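Novice: One letter stands for each residue in the lines below.
There are 2 protein chains.
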Amino acid sequence: MGLIVQKFGGTSVGDAEKIHRAARRAVQACDEGNQVVVVVSAMGHTTDHLIELADQVCQHGGKPYTPPKREMDQLLVTGEQVTIALMAMAISAQGHEAISFTGGQIGLITDQSFSKARIQSIDKQRIFKQLEQGKIVIVAGFQGITPEGEYTTLGRGGSNATLVALGAVLKADVCENYTDVDGIYTADPRIVKNARKIDQITYDEMMELSGLGASVLQTRAVEFAKKYNVPIHVRNSQNDHEGTWIVAETRKMEDIVVSGAALKKDLIRVTIKDVPDRPGIAATIFGKIAAAKVVVDDIIQNVMMDKTATISFTVERGDLADIRASVDQLTSELGAHASFQADLAKVSIVGIGMRTHTGVAERMFQALADAKINIQNITTSEIKISCIIDKGQADTALQVVHDAFKLDKAR
Amino acid sequence: MGLIVQKFGGTSVGDAEKIHRAARRAVQACDEGNQVVVVVSAMGHTTDHLIELADQVCQHGGKPYTPPKREMDQLLVTGEQVTIALMAMAISAQGHEAISFTGGQIGLITDQSFSKARIQSIDKQRIFKQLEQGKIVIVAGFQGITPEGEYTTLGRGGSNATLVALGAVLKADVCENYTDVDGIYTADPRIVKNARKIDQITYDEMMELSGLGASVLQTRAVEFAKKYNVPIHVRNSQNDHEGTWIVAETRKMEDIVVSGAALKKDLIRVTIKDVPDRPGIAATIFGKIAAAKVVVDDIIQNVMMDKTATISFTVERGDLADIRASVDQLTSELGAHASFQADLAKVSIVGIGMRTHTGVAERMFQALADAKINIQNITTSEIKISCIIDKGQADTALQVVHDAFKLDKAR
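Protein chains in written order, with the numbering used here: chain A, 539 to 949; chain B, 539 to 949.
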């Protein structure tokens, strides 16, 4: 009746058994009268194994070496290519016609940013032609190709970017995102035992939660889904339960003040002191850092008595290596000095109801104060409040905030 | 000084250590002033592992299923793609610029015969452009792409086809084929203990030997090398010994009556009886079988008293499945009957000197007779003699023929 794009993550295609189970879902959706496109990730630990191989080659001889990003992408795109072929075989073995495509083969064109490429276009005609012949179309997630024919990967959660981009260009009725959890939770259930599955959440809330550490779906994928108004259904590949629907905002959803809480561990604060206080200096600094495609957050700028400025911001620990060279170059050019504070975390609450309800921030700060957690910095948006705290208190912070807003109770 | 194409087989790139050793050879050749192109196979048992994965998926649920060849190629091309990326990293880590290309990325265009595709053209400009920038260019062996963008594999020994095709289009001074043996031997040294490494062999002899079971280099690759007169140097990747040069015929080489002996085990003879004896019937039969791209050999046709013909030929046991359907269809259309005799072998001798020396066949037959080995069928060409024998006597046959022509003694 409609067009469904299904995506199966690495744990959902981890072995032959699981691949067949995923194949059965696709065939079933097809038997129910839908046209079906399937996006798959690399099997289980394949990507880790490939990275390990690259490490072995690059550590060889005792001189650690950072591999060229182009070659890293050339290596990593093979992971998804293995899965698409196996998935096509599984669906064919179940008696349904299927055809697999790499990102390049469906003309999923990206920019040149190896390891963090952005999707620019998709040749939907190649997919429609196969769907019209009754085939299930399988597409490799996480990858694309530049106009010059270089393979690129889409960065963390890239398969979800593929899912939503396909949903958008094919004007799908739904994007089904199959994972190993039942949906989106009010907080990470590995930390907060009484976390509750959310039935419905808005694109905006999901974007904030993703950006703040909820790992199921990436901000970029949700942003894209919002732009093209494609509903996403996050489901468990191991059962048939309804999962979490990510949808456009409705009137009723405004009554929920806080939808969920999120935690980002392992942040580093970069502080740059003795920056000449002249117009455009912040743009210069963050322009350099943006060139490394690293997300920076919690930016603070203070102007000192001596007319120099101190600028600080946080980055994820894993991104530090990428910006280190830019920071060093900046400080030497500006005569400034950089210092780094590790072991920070960020606890956040998100909800579109905040726009119309008061006292939300106070309740959060009080909960943290009651638990003797010191807040080092606060940032807010219309629908979220974030507090930078010590990494050692991160789990406790998430739990007390979750409790303060009674997120375990359904609305 | 020149342009060298080097090829490293699966055992020569089996781990990080070996990849670095291969990388060092490429860098060394470059430091000596050459332009270097490197062709690599999949690492060690990667291809076997991928086939095993496909088997698991296709055997799942107890109903064995033959995977679509397109999807099998989609799967298998990933093996070489992993190696090219790792090789590029290893060379870069050694301080030399390198860039890797898949078959598709250098426009290695093939026909549509998945699993046994033929090379049609290579976009050499893309390679020259990189060589001119001083880079070592790494190319994935065994694979190509159709004009429609489908991935294909080149069949058994496909990486050697890539090596020689590159040697030809780039007009290389030499194609270095690195393996785990010191060169081409007068017979398989695992069977004939006193087999001797050959210093020089002609394209024609090598083609015959390859077709007859010598596994180092495939007929097709040598044929191509001959056509474009590209010398091939078969060498051991683990040492610096001179290997075997495969070159155009010279006057002096004619003095060698027999250059080598070869053995093919595990042949099956297909016999088709009661075939109507009318013109064109053989063409019909072998046309059908050729469509399956299987090499048939030792063809015999006898016309019986009742005006029906009996046609027999041998195929390798592994190819039987591919032609079985064609044979069944033929027999039912022609009212003929097929039978199959397994456990056959073929022992052969090859040498361009045969053209000008007499008594060669007699000496071979006598050696087999002395060892009480029954010859079931004989085929000859200008430079080879082959005898079909029982598989059980195959190793003995190879040894006695090798002894009869004193192949262990250098000429």
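Treat the hints as calculated values from the structure; they're not laboratory data.
Fair warning: this is a prediction, and the values are worked out from it, not measured in the lab.
Think of the CB as a built atom: it goes at the ideal place given N, C-alpha and C, for glycine as much as any other residue.
Be aware that a few hints might be false.
Here chain A is said to cover these stretches of chain B; the calculated rule only asks that three of the stretch's residues, wherever they fall, bring their Cβ under 8 Å from a Cβ of chain A [unchecked claim]:
| no. | stretch |
| --- | --- |
| 1 | 583-592 |
| 2 | 623-632 |
| 3 | 920-933 |
Subject to a maximum C-alpha distance of 25 Å in a straight line, what follows is the list of computed SDA-like cross-link-like pairs (lysine to any residue) [as the list claims (entries may be wrong)]:
| no. | chain 1 | residue 1 | chain 2 | residue 2 |
| --- | --- | --- | --- | --- |
| 4 | A | Lys-601 | B | Gly-645 |
| 5 | A | Lys-667 | B | Val-832 |
| 6 | B | Lys-601 | A | Lys-601 |
| 7 | A | Lys-826 | A | Pro-814 |
| 8 | A | Lys-662 | B | Gly-645 |
| 9 | A | Lys-910 | A | His-875 |
| 10 | B | Lys-607 | A | Asp-553 |
| 11 | A | Lys-947 | A | Pro-685 |
| 12 | B | Lys-556 | A | Lys-826 |
| 13 | B | Lys-735 | B | Asp-649 |
| 14 | A | Lys-607 | B | Lys-735 |
| 15 | B | Lys-667 | A | Asp-553 |
| 16 | B | Lys-607 | A | Asp-726 |
| 17 | B | Lys-765 | B | Gly-672 |
| 18 | B | Lys-662 | A | Glu-900 |
Pulled a few chain A residues facing chain B out of the computed Cβ check, cut under 8 Å [said to hold, decoys possible]:
| no. | residue |
| --- | --- |
| 19 | Ala-554 |
| 20 | Asn-572 |
| 21 | Tyr-603 |
| 22 | Thr-848 |
Novice: Against this structure, judge whether each hint is valid.
Specialist: Consistency of the hints with the structure:
no., hint, result
1, 583-592, "holds (count 3)"
2, 623-632, "holds (count 7)"
3, 920-933, "violated (count 0)"
4, Lys-601(A) / Gly-645(B), "35 Å, violated"
5, Lys-667(A) / Val-832(B), "33 Å, violated"
6, Lys-601(B) / Lys-601(A), "51 Å, violated"
7, Lys-826(A) / Pro-814(A), "16 Å, holds"
8, Lys-662(A) / Gly-645(B), "24 Å, holds"
9, Lys-910(A) / His-875(A), "33 Å, violated"
10, Lys-607(B) / Asp-553(A), "21 Å, holds"
11, Lys-947(A) / Pro-685(A), "50 Å, violated"
12, Lys-556(B) / Lys-826(A), "40 Å, violated"
13, Lys-735(B) / Asp-649(B), "36 Å, violated"
14, Lys-607(A) / Lys-735(B), "43 Å, violated"
15, Lys-667(B) / Asp-553(A), "42 Å, violated"
16, Lys-607(B) / Asp-726(A), "44 Å, violated"
17, Lys-765(B) / Gly-672(B), "29 Å, violated"
18, Lys-662(B) / Glu-900(A), "68 Å, violated"
19, Ala-554, "4 Å, holds"
20, Asn-572, "22 Å, violated"
21, Tyr-603, "4 Å, holds"
22, Thr-848, "39 Å, violated"
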